[in-house]
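K.L.:
First to last, the protein sequences are chains A and B. For the first sequence, the working numbering begins at 1 and goes up steadily by one. For the second sequence, the working numbering begins at 1 and goes up steadily by one.
Keep in mind that the hints are not guaranteed to be accurate.
To be verified - Derived DMTMM-like pairs (lysine to aspartate or glutamate); straight-line CA-CA distance at most 20 angstroms: (1) B:Lys57 <-> B:Glu101; (2) B:Lys57 <-> B:Glu33; (3) A:Lys34 <-> B:Glu56; (4) B:Lys84 <-> B:Glu9; (5) A:Lys34 <-> B:Glu9; (6) B:Lys57 <-> B:Asp104; (7) B:Lys84 <-> B:Glu41; (8) B:Lys84 <-> B:Glu36; (9) B:Lys57 <-> A:Glu87; (10) A:Lys34 <-> A:Asp4; (11) A:Lys34 <-> B:Glu41.
Don't read these hints as lab results, they were simulated from the structure.
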Amino acid sequence: MRSDLVAEWILARLTTRIRAASVVGDLLENRSEKGTLWFWRSFAGIVLAVAWRRPLAFVSAFYLGLHALGALQMPIYGVHAAHRPPEAWMPVFAVLLGPGMVLWMAAPYAAIRFGLRDSFAQIALVFGGLVTIIIFYWWIPAVLAACLVLAFSLITTSIFVARRRRALVALAIATVFGFGGGLLAFYLAGLYQKHLYPGPVAEINSPVINWGVPLLATWILTTACSHIHRLVVGHDLGDPKADLQIKLDS
Amino acid sequence: MAMPESLGEFEQTVLLTILRLSDNAYGVAIRREIMECTRREPAPGALYTTLDRMEEKGLVRSRIGDPSPQRGGRAKRYFAVTRKGRAAIVNAQRLYRRLLEGLDLFGGANA
């Protein structure tokens, strides 16, 4: 296989096909003058410049998601459970813990991948913050009311601005996918554990499960964020519509 | 009226280069023109990500030209500065000009 085809194929995984073809064409134009080594060195630099956000965003989502899970469980199990009957705090736990964790995975992922100016990232950060405040201080009526008013205001104002409305819808869909992905990861972990230890379900202590569940959940969420952001919010380097736009412009 | 987009130094360089090249502003030509004018060789990765970012911001737009055998049958991607991009570069250069007022940087001991 020709080296330029390989380079174009790799670059097309990271950006649009048209952009990949034009970049490789530019490199080929200079290769006769500057040599093959220059071609591959430049290509590596371009790949690095285009792709560095994705792995960093994934790792950040993974670790912040785990950290958020621990941090959000702490007030529920460590504080509320000690002072209040379960029926008082259990609904908060049931409704907010999962989405809170998903939001704290989606927010850093979107902030790194799409930038802090991105509406999706901004809304995810605000909702992640509100969910966290509610989980910590839900028993103070003024704080709870302020958070709910703020959340309601954000949703209402977002409805009237097209870009924010799309970001809100995208975040809602990504949160559902992320939450569902987490449940799917736990279900698969259960199947794997039953395969390993037939009989009664034992305590999960397999490294495959311990790392596999959060990794799979993160992968599902980040993939959902990436695709839904591209489809709903719009222009992105990997957006197939961007190719269409370029064709229309030309 | 909305404030023009603020630009980094390299973004200004790229925008001015596209304006200089007019209808022939594609990757190789932009890079060559920057090298000739600034005597600095921009990294290809930095150039293409800057062009993509500026296109996302609406400062430049791109169109695809015809394929050529020299490029393995691949088309050139030509860039043009949009009205928003022009406003941003004019604003940035105006700020520089204001800062230069009263200074004699191009004459005397600094020349």
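K.L.:
Now look at each hint and say whether the structure bears it out.
P.N.:
Against the structure, the hints come out as follows:
no.: 1; hint: B:Lys57 <-> B:Glu101; result: violated (31 angstroms)
no.: 2; hint: B:Lys57 <-> B:Glu33; result: violated (23 angstroms)
no.: 3; hint: A:Lys34 <-> B:Glu56; result: violated (31 angstroms)
no.: 4; hint: B:Lys84 <-> B:Glu9; result: holds (17 angstroms)
no.: 5; hint: A:Lys34 <-> B:Glu9; result: violated (27 angstroms)
no.: 6; hint: B:Lys57 <-> B:Asp104; result: violated (35 angstroms)
no.: 7; hint: B:Lys84 <-> B:Glu41; result: violated (27 angstroms)
no.: 8; hint: B:Lys84 <-> B:Glu36; result: violated (26 angstroms)
no.: 9; hint: B:Lys57 <-> A:Glu87; result: violated (50 angstroms)
no.: 10; hint: A:Lys34 <-> A:Asp4; result: holds (15 angstroms)
no.: 11; hint: A:Lys34 <-> B:Glu41; result: holds (13 angstroms)
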